[in-house]
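Residue-level listing of the chains:
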Amino acid sequence: MPSAAPTWATEVALAAFSWQELAQQVVSGLASGGIYASLALALVLIYRATRVINFAQGELATLTTFVAWSLTNHGLNKWVAFPLTLLIAFAGGVALERVVIRPVERAPVLTVVMLTIGLLIGLNGLTAWIWGGETRSFPSLFSTGTVDVGGVAVSYADIGVIGVTLGAVGLISLFFRFTKLGLGMRAVAANPETSPLVGIRVGWMLALGWGLAAALGALSGILVAPTVFLEPNMMQAILLYAFAAAILGGLESPLGAVVGGLLLGVILNLAGRYVPEVGGESRLAVALAVILIVLTIRPSGLFGRTVGRRV
Amino acid sequence: MSALLELRDVEARYGPVKALHGVSLSVEEGSIVAVLGANGAGKTTILRAISNTVRRSGDIVFAGRRLGRAGPDAVMRLGIAHVPEGRGIFRELSVWDNLRLGAYVRRDRAAVAADAERMLGHFPWIARRRGQAAGTLSGGEQQMLALARALMGRPRLLLLDEPSLGLAPLVVREIFRILAELNERDGLTALVVEQNASVALRVSQSACVLEVGRVVLAGPSTELREHDAVRRSYLGY
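For the protein sequence lines, the chains are A and B, in the order given.
Just so you know, we're using this note's numbering here: the first sequence kicks off at 1 and counts up by one.
Just so you know, we're using this note's numbering here: the second sequence kicks off at 1 and counts up by one.
None of these hints come from the bench; they were simulated from the model.
Wrong hints could be hidden among the right ones.
Partial selection, computed: residues in chain A whose CB lies under 8 Å from chain B [said to hold, decoys possible]:
hint, residue
1, LEU183
2, GLU193
3, LEU197
4, GLY199
5, ILE200
These stretches of chain B come out as covered by chain A in the derived footprint (C-beta under 8 Å, 3 or more residues) [claimed, not checked]:
hint, stretch
6, 65-77
7, 88-101
Note that CB positions come from ideal geometry on N, CA and C, so glycine has one too.
Okay, chain B solo, but in the shape it has when bound (with noise of 0.2 Å):
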């Protein structure tokens, strides 16, 4: 079975600073791989390389096909969704757009008025709110929007950005139960970068730790979870 998307040796760059070193990964068609590690490891720049908004190098295939010099909009257009750090929210514009620009690329109608549906299936309050500024959602309420946005462009993998960053564990709950949801019953494949280990073991099938810019472990989730280095610096126990 070969990989929907694979990393190999991928360097990234910020100017002269190296973020990083090197790093090869695959993620399964149908499963959720989560990249844990402290802050600056360079997790962001793992999802930044693959979208090209970042000065890299080394190959990164995805379904078979060479990213090369793609930019950021092409690479959204073979499949790929990206939510970023800060969850990218279009805050002047109302809820409702920010959904639909999450279809912009795509131009079948009636496929994606019912995506919103679904969408509003999932997060009903996005009905409730449709006309306000997405800037004044609660954090909470903009990460899950970034995700249904995301969600409308019917990605066929989602770089997901430290979703549970400065939010209530409830909330953390609820956006990870979603994901396991639709990773379960519509096959969404994600990589899913996040500081909050116990969490992201729970819902991934697999895992790589990361450590300044270097993949120092990777296996599945179950094995991680059990693993002592990671229970002492991730885990806390």
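The shape of chain A in the complex, shown without the other chains (with noise of 0.2 Å):
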């Protein structure tokens, strides 16, 4: 047997290895992870209603990323801006579920996809008439600086992302079990020809749905904005990681959208680092790769059902 070419796993292994920096590359996987999360999050609440992709998610977290930005340049406190720019996403998605999607309802869900589409290209356009193409810097929530947890060396800011993700799903899957509003959309989602049956505005549930991804939206660019800058395309790339951590999860499974998410966020960092073919720009292939590969091996997801279709 001639001896072994030094080979691309042989390569990983030579590459400097400490537990602290594969520590430290975890945690801040799941920082960003916890960003992919919140945004395929809202993308799972509209897909388990209504079993459309809404493709102009990305764009929507833009445009109130950019509506975040105005608010604190205007001077108010970041505390008080950002909790109210979730509020005008919020009512934002309302609106626009009541009067851009409502009317197209009951037509096949690809006609309703390709609406999404075309709101992606003009929410772009808008945001960019509105707020000018140029990169702008972002105040983050959180300061600037390190926390030593057992001989790691965690920032702040990657804490902060991780706490506020998690207490937004939290909070989210509080109101579903507990509220009759949280009640009445999941019985939109599990079964929305008996839901009118019982009294449920089916229709509002619908765009209580958007509201919630939207704003859900607008905290993944709030959180994300720090580091990508803000421009009118900062969400592109992130929209894709966020379809990949949502069909890992399981398109149908709120739960597997944030694990999907969290475990996506991992993924890449860990890739980006040990790796060496994967470069800051190829972390697009990896997210790539994620899907094709659960899309062949298992396309319900890891929390997905694998039930048939309903007819």
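Dock chain to chain to rebuild the complex, using the hints, since each chain is given by itself in its own frame.
Printed below as a string of structure tokens:
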């Protein structure tokens, strides 16, 4: 047997390795994963209720993040401006559903998907038209610096992003589980035909879903903008990561979206650090590979149910 | 005495296909009315016309009020609970959530809790299975759950679509026994569409027979039971 030539695997093994750094990479992966998770959850909320993938989810997030920027720029404290932005995003999401989506409620799913692609382009143009195309810095909610956790330096920003996204996800799951509106929204997702027969106003539940999704998107925009900087195309890559996360977790499953997001964040970060071929730009390729692999091996995702399509 | 529900010359269509050709019938308060007929006679469509889940024309008057353009959720809020064909269970939701959904439009929490207790009296197994996904129940249990859910809304009128469909005879008898009990004890009013004519004619006070979208025969259930054509076509003796 000839001696093994240095291969991809040995190259990885040869790269300087420390457990501390691995832990650091995992934590910052979880932080970016939390951002993907909130946008993925937004996609899943709308998909579950209507079978529609909202391609405009990312642009909606960008636009609302610009709103947050304008509010802080006009002197509003960020702790006031950001929650206010979430409310504005919520109202905007509800309005968008009522005005744009409602007229095509009974149209085939593909029609609605095309409409959201139109929205993507329209909102992107609108954002660039109002705020211009230049890149802006965006205030972070969290202070700079790191804290030592068992010998691992973890940045406040990472901890903050993980905390905020998990908090938001927790609040939403409490809302779904313990409120009457949440019950109504779950009912519409489970059986839109029967829902009106128990008195649920299905249209308003869908609008509410769009509102929640828009608020989650705004949250992901606000969290990601300090690192990727604010510009009209800011969320386009993030939306692809969110797709990958949602597909990884199962498009039907809110829990799957969150786990998928966190997992994807860690996968991308580790691949970027330990696989020499994967640089910053080729992270997108890794995300697409994840989509491809999941769709081939387990199309329903980690948490999806493998049941037949509803007719 | 005026009827709780009255249909006058109701027509309904699915796209270009007419399913009801001018149906008139009425349901007195406190009575059970059965609609009999073969597959495709339009039985289900009558209920769908009432809850406005099919395109229809003609007059439908409920408690002295024309239903007009009220959507299905508005019709429910007026006091009409519709258990649709195939039961309309929320399969992914728990048994308990299904039951709670029946009271979705009600705001009187204490009375809702009392009604839930009452349902557990009728259907004790619900308490044992409350956390289970409703889709995992047997067909009979799903039918009972759908019935319990409808009753949780305290409807003035219950619309029941083929409660016996696909169920074992014992289960069918149990469901109709409960229906008769609710009718006698609480004065429940119901319009029941049913292919199983013998059991439907036993619990109902009056009935009508539907053939290709028209009422061809109507009257008190005791009379229809003795009617030759009904006996030959629907009772089989």
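Here's how the hints hold up against the structure:
no.	hint	in the structure
1	LEU183	holds, 6 Å
2	GLU193	holds, 7 Å
3	LEU197	holds, 5 Å
4	GLY199	holds, 4 Å
5	ILE200	holds, 6 Å
6	65-77	holds (count 5)
7	88-101	holds (count 9)
Violation of the numbered hints given earlier is absent; every hint is satisfied by the structure.
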